[in-house]
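Protein chains in written order, with numbering that gives the first Met the number 0: chain Y, 0 to 45; chain R, 0 to 592.
In case anyone wonders, no lab produced these hints; they're calculated from the structure. All the pointers check out, no bait thrown in.
Not everything, but these chain R residues come out facing chain Y in the computed CB check (under 7 angstroms):
id : residue
1  : Arg238
2  : Ala373
3  : Thr377
4  : Leu381
5  : Leu384
6  : Ala385
7  : Pro388
8  : Ala427
9  : Leu431
10 : Ala439
11 : Leu458
12 : Ser459
13 : Gly461
All figures in this text were calculated on a predicted structure; none of them were measured in a lab. Cβ atoms here follow ideal geometry from the backbone N, Cα and C, with glycine treated the same way.
As a plain string of letters, each chain reads:
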Amino acid sequence: MLTKVVGPIVAGAVLAGVGLFGLVSSQTAPPETNPASQEIITYGDR
Amino acid sequence: MDPRPRAGRLVPAALDLWVAALTVLLLWPLLTEAGHPLARDLVFTPHQPFRLAWLGLGDSPARAVPLDALVAAADLVVGGALLARVALVGILVLAGCAAHRLLRDAHPASRAAAAGFALWNPFVVERLALGQWALLAAYAACFVVVAAAVRLRRVSEQGRGARTRAAAGLLVGAALASITPTGAVVAGGLAAVLAWTRGTRRLAVAVAVIVQLPWLVPALLGASGSVGDPNAVEAFAARAERPGGALWSLLGLGGIWDSGSVPPSRGGVLGHVGTVLVVGVVAFGWPRLRRLLPEAAPRLAVAAAVGLGLAVVAAVPGGSAGVRLLVESVPGAGLLRDGQKWLLPAVVLAVLSFGAVTDRALRAARTRSPGLLATVGTAALLLPLAVLPDATRVVWPTVRPVDYPVDFARVADVVDGSDGSMASLPWAPYRLYPWGAASAVYDPASRWFDVDVVMSDRLSVGPLTLGGESVRSATVGAALARAGQPGGTPAAAADLRRLGMRWLLVQADAATRPALPAGYVERFRGTHLELYESADPVAPQPDPGMLRIATVVGTDALVAALVLVAMVLVTRDRFIRRRGLPAGMLPRTQRGS
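Looking at chain Y on its own, in the form it has when it is part of the complex:
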């Protein structure tokens, strides 16, 4: 019972929880400032 039912449920819940937390927190970051005011536009940054 412990390994067949409870184990998968706990493992699934923990992993799904971490994934969902990451997903939600990543999409609720503060908005960027208007970037068009930059004079030199870079392709990227190291």
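Using the hints, position chain R against chain Y.
For chain R alone, coordinates are given in the frame of chain Y:
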């Protein structure tokens, strides 16, 4: 009627569904919002016009050959908005589905784990965040190349017909990867290495050579033979995402040069966990992977090691100097400058190893404690998401589509099909639009307007501005710069007319307004775009020459015809095998076997 038992069909379908679910999650904004993706290098327009430069006949290195030509052709049929969705979804689905099909003999849960990891790993996420979907197409096609190479080796002792059909599959896979030169080099190399045996080496080499032709022929003809700026080697070298150096990040399948494409979690503990995980699965999965893919695993490991070496070489002092020397002295060696992309075979190996190590764990669980099967399976399935939980943070802003302002269509109404060239101002290759994504985007002008568009090709990476590779772009840029100097305007206008610059497009969203030369009159003024036309006729520009055009177009047509024939052979072969047709309808080589 499919002859396979019902369970044999349900398992791949369920695995495909898992791949589809992850694809939808990763591309959610693109699939739920209208418009065209326009961020970083991910640039789609309603109808990309065709021009000879898309075939490598411009004066810049053929970095997106024949990708842009294929996009222009596809846009004629489906339009850029649909094409973007079909392409991005198709690439991710292909990667996941091809990965789990390669592990056909493994436990379904381990196949699902591999399929998920094929989509949800740092390499895919970082490249998707940078908008480099063509490189991801090459990555997805590499799984097909591995499968086709295995098939070719398995029929190496059979008749010519069987070998030709298997080689056709290899050509289709390698061609799919070869929409850019990088993809062609990686897929061609993989095809030759994996499929090389006594009976198949000629076919393997032929496939590897055929897929290079679309970019190699225009490069050899000198259409784009300039050398690159050696400073690009440092700018685009693999980067350490966290303490431990670039190699440590590369071993975790990350290490892209651009920090903005890296999910924040890669800089912390989860990044280290990711590297340990990848190194661990490759080490512990190796014995099982050798049993699952005996023909491919050892050679794939060699290819992965070579790729890892190429990826890290520019990030170490001695190697960096060597790559710099190559880039500044050998035309086309600029291809080497972006180090992390060469990790491609290593990512394929890591994905398959993840499936193999999961299969090993599931076998151990079944023997020692059957109750743990579901736990191990679930953990393996969700582990890639747990180790990289913020993947969507960097991917969603790039794939979120935008609506182009109507100004673009208005300018297109004026310039499309006209003679002369257009310069896109301010003189920079990347733009920031207040109506678009928060990140810089490659100027979409050349993919919007059906006229020869000349743009700056001087990339800025952080504080470093790199030298461009197009002589024409540099000349036009110098003339435009003179237009901004006191007393230089009339001379600059004359230079621009001599260079064929009939149109000047000013993108008015920019923070700075470029100085315009005299002699150009306003033809359109909108909120976001302004268009000016030379009051005097401009000089016609020399074309690449009929011989060069005929050679390149002829080569491309030949390669396209070979790939089409290969597709027909592969489809016919699959149809016959699926339907279990009677021997009389089988190809001559399969009868009686």
